[in-house]
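Numbering-wise, this note's numbering comes out as the position in the sequence shown, counting from 1, plus 48.
Rather than coming from a laboratory, the hints here were simulated on the basis of the structure.
These figures come from a predicted structure and were not determined experimentally.
Accuracy of the hints is not assured; some may be wrong.
Calculated pairs, DSS-like style, for lysine-lysine (alpha carbon to alpha carbon, straight line, at most 27 angstroms) [stated by the list, open to error]:
1) K189 / K314
2) K446 / K481
3) K446 / K303
4) K438 / K314
5) K314 / K161
6) K398 / K518
FRET-style restraints, in silico, Cβ to Cβ [as the list claims (entries may be wrong)]:
7) G416 / E240: 43 to 49 angstroms
8) D140 / E178: 35 to 41 angstroms
9) K51 / D252: 33 to 39 angstroms
10) L331 / D436: 14 to 20 angstroms
The C-beta atom is built at its ideal place from N, Cα and C for all residues, glycine as well.
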Amino acid sequence: MNKFYITTPIYYVNDKPHLGHAYTTIAADILARYYRKQIGDDNVFLLTGTDEHGVKIAQAAEKAGKLPQDFSDEVSAQFQATWQKLNISNNDFIRTTEFRHEEAVIEILLKLKDAKGPSGQPVLYQGEYEGLYCTGCEAYKTESDLVDGKCPDHPKQKLNHLKEANWFFRLSDFQTDLKKIIESGAFKVEPESRKNEVLSFIHDGLQDIAISRASVDWGIKVPFDQDQTIYVWVDALLNYLSALGIKDNSEKFQKFWPAEVQLLAKDILKFHAIILPALLMALDLPLPKVCFAHGFFTIDGQKMSKSIGNVIDPNELVDTYGSDAARYLIISQFPFGNDGDIKAEEFVKKYNADLANGLGNLVSRVLGMAEKYFSSSVPAGKYTADFDLKSFWQTYDKNFSDLKLYDNIQLIQQLVSWCDNYIDSEKPWELAKNNNDKLSQVLYNLIEIVRHLAYAISPYLPETSDQILKKLNIQSVEENYREIGLVKEGTKLDKGESLFMRK
């Protein structure tokens with residue numbers, strides 16, 4: 049792989065950032081940081097942003113007594129501040145109200161107007177839509193989408209019955225091609241359960257979709273029909289192209305498109321696994337390699353809800369635990385891709401167990417012994433421990449390739465536990481009494497493993513990784529950092545402050 053383009057969804061600005069937004073964005077950041085180490089900073093592009101058009105935003109702005117643009121500016125700024133606080137290393141932040149995005153969307157609509165589908169028919173045509181619309185989802189609903197006549201994601205919101213003239217996209221024309229590329233893996237939908245879900249939806253028959261609204265003012269006007277506004281989801285999906293500069297066919301667009309990975313929550317899977325690929329086919333553009341839809345999580349067994357009062361603000365987690373620990377606590381709750389439950393009271397337990405008493409304590413123990421027995425210098429030795437670091441890195445890479453972010457957290461914790469057991473079995477405090485050569489070897493092994501740990505945690509805990517490397521007197525990232533035995537005898541070490549204070 050010589051380049052890596054990864055995207056998060058762009059988030060609605062109808063409310064401030066919450067834990068669900070943070071979960072997806074941290075996962076994307078972890079992957080981006082990993083690949084920067086593999087292929088270089090200039091070859092990785094991480095995109096996130098905010099979705100600022102549509103009825104839902106206009107209503108939220110009206111409720112707040114503000115103009116939609118002013119309201120969007122404020123909430124978008126909150127997202128950007130939150131990502132900065134969580135140390136998200138996005139290369140760009142796209143907003144759908146930006147001129148560069150609107151300009152690109154208009155040009156893409158004009159291209160679609162002239163495009164023809166697999167059947168030879170125009171992909172856009174005028175028609176009339178009559179049916180139900182969920183403002184919460186900003187999506188049209190069929191009876192099969194509903195549970196007891198209500199949107200399952202917004203059961204308290206009344207569905208609107210719409211009847212209006214719209215422009216339609218001939219999605220049905222792409223049914224055979226979509227089925228073929230998903231089944232063959234040419235376009236990967238992951239995990240497997242999501243792939244099956246999408247194929248089932250296609251099997252039921254794809255309906256053409258309205259791509260414009262006549263009754264919505266807050267949005268981008270259809271360039272060939274000023275009485276219509278581009279449907280918010282079509283507008284939003286095109287951000288992945290507009291941010292790279294598709295309008296001018298920029299060097300950035302040529303280099304990075306298509307995306308290697310698109311991360312999203314499963315509630316917007318159909319938009320990304322069906323509508324977006326069909327639009328790209330119509331535009332004769334290559335498709336993203338992987339569409340990965342992670343699961344939902346509940347808080348203490350209940351869906352996040354302001355009325356229940358269980359919405360967790362990621363900013364508060366950073367204030368309580370620090371940026372790195374907040375990232376870790378959010379992403380380490382359950383296997384990536386699965387549904388799961390987060391127990392708020394478990395945060396402090398996990399922080400203490402994994403970070404303060406785990407990784408942090410190990411680094412303090414090792415550097416403390418180096419300070420006590422070798423005047424804070426690396427002792428003579430070579431790596432002789434029976435922990436296979438080469439195999440560790442092979443598993444680590446495989447997990448990232450398979451998007452198993454949680455599995456690498458487990459892998460890292462296993463190495464921390466191995467070190468604790470190694471210390472307990474070798475008893476350096478006993479060796480210090482009469483066997484300095486063995487003590488040197490044991491401490492050398494531990495310092496070398498801590499060096500490897502510093503690099504392994506860097507996508508997850510970037511600040512902590514830097515702190516450990518500084519403690520080891522490694523001033524810049526070693527190009528060959530995975531080699532075994534790079535710790536040099538006599539290098540001065542600095543135990544310094546604990547990495548994580550117990551809560």
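We went through each hint and held it up to the structure:
Of the pairs offered as hints, the one joining K189 and K314 holds, with about 17 angstroms between alpha carbons and a cut-off of 27 angstroms not exceeded. The straight-line distance between the Cα atoms of K446 and K481 is roughly 43 angstroms, outside the 27 angstroms bound, and the hint therefore fails. Between K446 and K303, the direct Cα distance comes to roughly 25 angstroms. Compliance with the 27 angstroms bound is thereby established for this hinted pair. For a cut-off of 27 angstroms, the pair hint linking K438 to K314 is broken: about 35 angstroms separates their Cα positions.
Restraint check for K314 and K161: not satisfied, since their Cα atoms lie roughly 30 angstroms apart, outside the 27 angstroms limit. This hinted pair checks out: K398 and K518 have alpha carbons roughly 26 angstroms apart, not beyond 27 angstroms. About 47 angstroms separates the C-beta atoms of G416 and E240, a value consistent with the hinted range of 43 to 49 angstroms. In this structure the hint that D140 and E178 lie 35 to 41 angstroms apart at CB holds, the actual value being about 39 angstroms.
Roughly 36 angstroms separates the CB atoms of K51 and D252, a value that falls within the hinted 33 to 39 angstroms. Against the hinted window of 14 to 20 angstroms, the Cβ-Cβ separation of L331 and D436 comes to about 48 angstroms, which falls outside the hint.
Comparing the model with each earlier hint shows violations of hints 2, 4, 5, 10; every other hint is respected.
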